[in-house]
Amino acid sequence: MDQLDDVVRRLDVLESVESIKKLKARYFRFVDEKKHDDLAALFTPDATVVTDGITWASPKEFADTIRDLTGAAPSAHQGHMPEIEITGPDTATGTWSMEDLLTFPAGPDAPEGHHGYGQYRETYRRVDGRWLIDSVVLTRFRMDPLENWNPSTVAS
625 MDQLDDVVRR
635 LDVLESVESI
645 KKLKARYFRF
655 VDEKKHDDLA
665 ALFTPDATVV
675 TDGITWASPK
685 EFADTIRDLT
695 GAAPSAHQGH
705 MPEIEITGPD
715 TATGTWSMED
725 LLTFPAGPDA
735 PEGHHGYGQY
745 RETYRRVDGR
755 WLIDSVVLTR
765 FRMDPLENWN
775 PSTVAS
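In my numbering, the protein residues as written are 625 to 780.
Note that these hints are calculated values from the structure, not bench results.
Mixed in with the good hints, there may be bad ones.
Between beta-carbon pairs, the in silico distance windows are [unchecked claim]:
| # | residue 1 | residue 2 | range |
| --- | --- | --- | --- |
| 1 | 631 | 774 | 55 to 65 Å |
| 2 | 685 | 657 | 17 to 27 Å |
| 3 | 670 | 766 | 23 to 33 Å |
| 4 | 766 | 688 | 42 to 52 Å |
| 5 | 715 | 682 | 44 to 54 Å |
| 6 | 668 | 771 | 21 to 31 Å |
| 7 | 653 | 715 | 53 to 63 Å |
| 8 | 766 | 646 | 21 to 31 Å |
| 9 | 642 | 695 | 12 to 22 Å |
| 10 | 653 | 714 | 37 to 47 Å |
| 11 | 639 | 732 | 22 to 32 Å |
Restricting the straight-line Cα-Cα distance to at most 25 Å, the calculated cross-link-like pairs of lysine to any residue (SDA-like) are [claimed, not checked]:
| # | residue 1 | residue 2 |
| --- | --- | --- |
| 12 | 645 | 657 |
| 13 | 645 | 682 |
| 14 | 659 | 631 |
Even for Gly, the Cβ is constructed at its ideal location relative to N, Cα and C.
Build the full structure now, drawing on both the sequences and the hints.
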């Protein structure tokens, strides 16, 4: 490999890592902005999605479940300290530390809110020049309960 080929390869690795970081940022943003169709589109059609030991049949089922579970409840998801490795021309792996906050409108049947901490382990695949999530395993290390909120007391 000559010097120019090496520079081109290294540039592709850097651009790929940056694209994967943006992909994961969109994942968190789409969950919080309730953009569930956009969320499902971040995955390969046959992606494996496992969260807290639950395996989802498809990325769409995963996104629809988030929509149905959280409704308009406010949430805040963050990913930290990405460790991304390009494993082939169109494949990569990643590990992310995560933190999330989720509360529900207060009521007799409201699920309990939480402040969670954990880790995402993922694989990515470049399809038609675009990086997508090919598999995700979310493991939570800790979940602290949060009080639910009363929407009528929230300032607009």
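Which hints, by number, does the structure contradict?
4, 5, 6, 7, 9, 10, 11, 14
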